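Protein sequence lines, in the order shown, are assigned to chains A and B.
Following the working numbering, the numbering of the first sequence begins with 148 at its first residue and continues without gaps.
Following the working numbering, the numbering of the second sequence begins with 148 at its first residue and continues without gaps.
Derived by calculation from the structure, the hints in this document are not laboratory data.
Hints should not be assumed to be uniformly reliable.
Note that the list lumps identical chains together, so a pair holds whenever it fits in one copy or between two copies.
Unchecked claim - 20 Å max Cα-Cα, derived SDA-like pairs, lysine to any residue:
1. K166 <-> A198
2. K254 <-> L280
3. K166 <-> G197
4. K338 <-> D295
5. K166 <-> D196
6. K166 <-> G204
7. K498 <-> A153
8. K254 <-> G281
9. K254 <-> S305
10. K491 <-> R171
11. K433 <-> P210
Note that the structure is a prediction, hence the values are computed from the model and not measured.
Chain by chain, the residues run as shown.
2 protein chains.
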Amino acid sequence: MTQSQAMIEYEAFKQLGLKLDMSRGKPAPEQLDLSNPLLGELGSHLAADGADTRNYGIPSGLPEARALFGSLLDVPPAQVVVDGSASLALMHDTLAFAMLYGVPGGKPWSLQPVTFLCPVPGYDRHFSICESLGIRMVNVPLSASGPDMDMVEELVASDPGIKGMWCVPKFSNPTGAVYSDEVVRRLASMKAAAPDFRLMWDDAYRFHYLGERRIAMANVIDACAQAGNPDRAVVFASTSKVTFAGAGLAALASSPANIAWWQGRSAVRSIGPDKVNQLRHVRFLKDRAHVEALMERHRLLLKPKFDAVLAQFDALLGDIPGVRWTRPEGGYFIDLVTPDGCAKRTVALAKEAGITLTPAGAAFPYGRDPDDRNIRIAPSFPSLPEITQAARGIALALRAAVSG
Amino acid sequence: MTQSQAMIEYEAFKQLGLKLDMSRGKPAPEQLDLSNPLLGELGSHLAADGADTRNYGIPSGLPEARALFGSLLDVPPAQVVVDGSASLALMHDTLAFAMLYGVPGGKPWSLQPVTFLCPVPGYDRHFSICESLGIRMVNVPLSASGPDMDMVEELVASDPGIKGMWCVPKFSNPTGAVYSDEVVRRLASMKAAAPDFRLMWDDAYRFHYLGERRIAMANVIDACAQAGNPDRAVVFASTSKVTFAGAGLAALASSPANIAWWQGRSAVRSIGPDKVNQLRHVRFLKDRAHVEALMERHRLLLKPKFDAVLAQFDALLGDIPGVRWTRPEGGYFIDLVTPDGCAKRTVALAKEAGITLTPAGAAFPYGRDPDDRNIRIAPSFPSLPEITQAARGIALALRAAVSG
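The shape of chain A in the complex, shown without the other chains (with noise of 0.2 Å):
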């Protein structure tokens, strides 16, 4: 490729006049229409115990809703509290509450510096959080299987002020990167200088798999309690890639100190959340075997958009030294990693050519990507027909921009 055809043919794209925003990871309404009968008739308010789900109470949420995400989750009901839609509500308010009244076996975590580790590249609404909250980030080297325990091991180990570490399990965003067995043992057994050292647990894409390939991580909370630290990992997950992505149930799990520490400091913010979505949600997802069979048809809905895409950096972009991308078994997202400094200037391209993309450094604590080289592809929102267009331009303007 000469630097003249990789502009040309860039341009020639450019006159398309597209408009795509490729920048979130949005289910698409494909996938949003496979739980419309939860915009149906509800039928009765009343939960399995007769409780009126239309009224005040049930702090912790719908007993049937816990046991459902108990199931999912492989907890003890008891162990897990349902709330609305988000889990990135729940993350955001268990820092928040740590921040202001510390966590079980600590003080509040605002007397002091904060650190937190964050496996890069990560998820950048986490990253917000910790900015927003003043605590510290510190970047950790994410492999296919895992962050780089030894770094994670001993920075946890000397320093006090390292209270917290973000973790995306499975799946994780945007690489797709799997955390072994091992990694989860390590994980859960390491020793840390904080007594009150916390892992935050987003487990977004349990059930979100793009192969055929059915992955049984270990279980967290589990290693945790075996290795003596029964309340380091805080666990998250929600429905918000499964039913609606803004009308979903969010939960989470823990030790049942965590739990019981939870449940005090929200009970202070909210009588209550809303049971009458929980009681559609559970009579809609009845049980694990049906909420399987829900994600096998959002599997055959995203799969070929990932498909296309891949197809298009293979034929496009194979060429390029220094290029590559992840090519993941579940999850919402591609990770293209461009030659070192080449990722803003990719972005800026696409975006001439009316493809918006997520900003580059986004995946990175502060928005900077050290190498500027990381490009979060999120295939799951435009149709089949435009995503294979729009993986053209982005590898057409990454091929610009090496040459360029």
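Dock chain B against the given chain A, drawing on the hints supplied.
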């Protein structure tokens, strides 16, 4: 009344073996039934502007939901954000954000001791938020037309540590007080030593009449703006006692600067509220006229219950020196005032007779009623026969407490 008569009547009532919970202001099932269309088929999930309510986004709430609350609260829609079901959560988060980050015009409140003024008797959950966050509370006497403004003005002008004040301006919980226009004007215009002083304006009962008189209160946001204190008032409202107590909508209204502040802080917490439920509500409630018509149906269900309580109290307590009670024109509560030192004993005797009341003292910061004389009566939830019997039991318990 002799001591033995009072005890004999109370003991006879106890033998009935009742089991009634009147501790909270929960709507009755027949009130919730008024909004059962919300349980029905939604129809289209598209908002007026075509937005897909099922997906992520629209963090400040659906435009039509903001317009509805704007119309209900007499503020421009741009100055309203609409969120999940609990206005209590919006109040909590306002104060938690203030502690962590400060409000426009000030530093984080957590950097110094913070005091709130609390008109008493007041709402226990307001006080719980302050107690949880370590905000010191100072009692201010509340009359039928609002707090003691001479005291408020003097305290707020002299102490920069006083950062805010709780206000339930209309049909105050539990006394039914209605702030006069003069009180609203003085609150809006008084000199505050703290530049970041805030009125936490819980407009919980704006449309919740029991009597025939309709009361148009002064608009506190306008009053603050006119007085040169545009960011002073933060207004909270919800449909908790309009539609479903546990599955409604909540709103926060304030100045443009406070709304921008809220949007910035809450954007870190969540990608957006449950817009499907917002769409359901907008389609069901339609506009202010429909809300008022719905509230009239609530009124017709509630008024006989309040009348039944008042009739029992008139009959059984009219001759007891030092006993009085409110006759509210709206809201959810009656404040029963016993002779000094008799409230706890009355609540305990009622409990022995199977009637659970809000704990004596709950309407005061730290649960301490300095005169031990206020009992909050919540007539909404039990049926009319139950409430009649319960009111009789409470009156007999009070007679026994006074004579014993």
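Discussion item. Under the constraints set out in the numbered hints, which ones does this structure not fulfil?
Written reply: No hint contradicted; all consistent.
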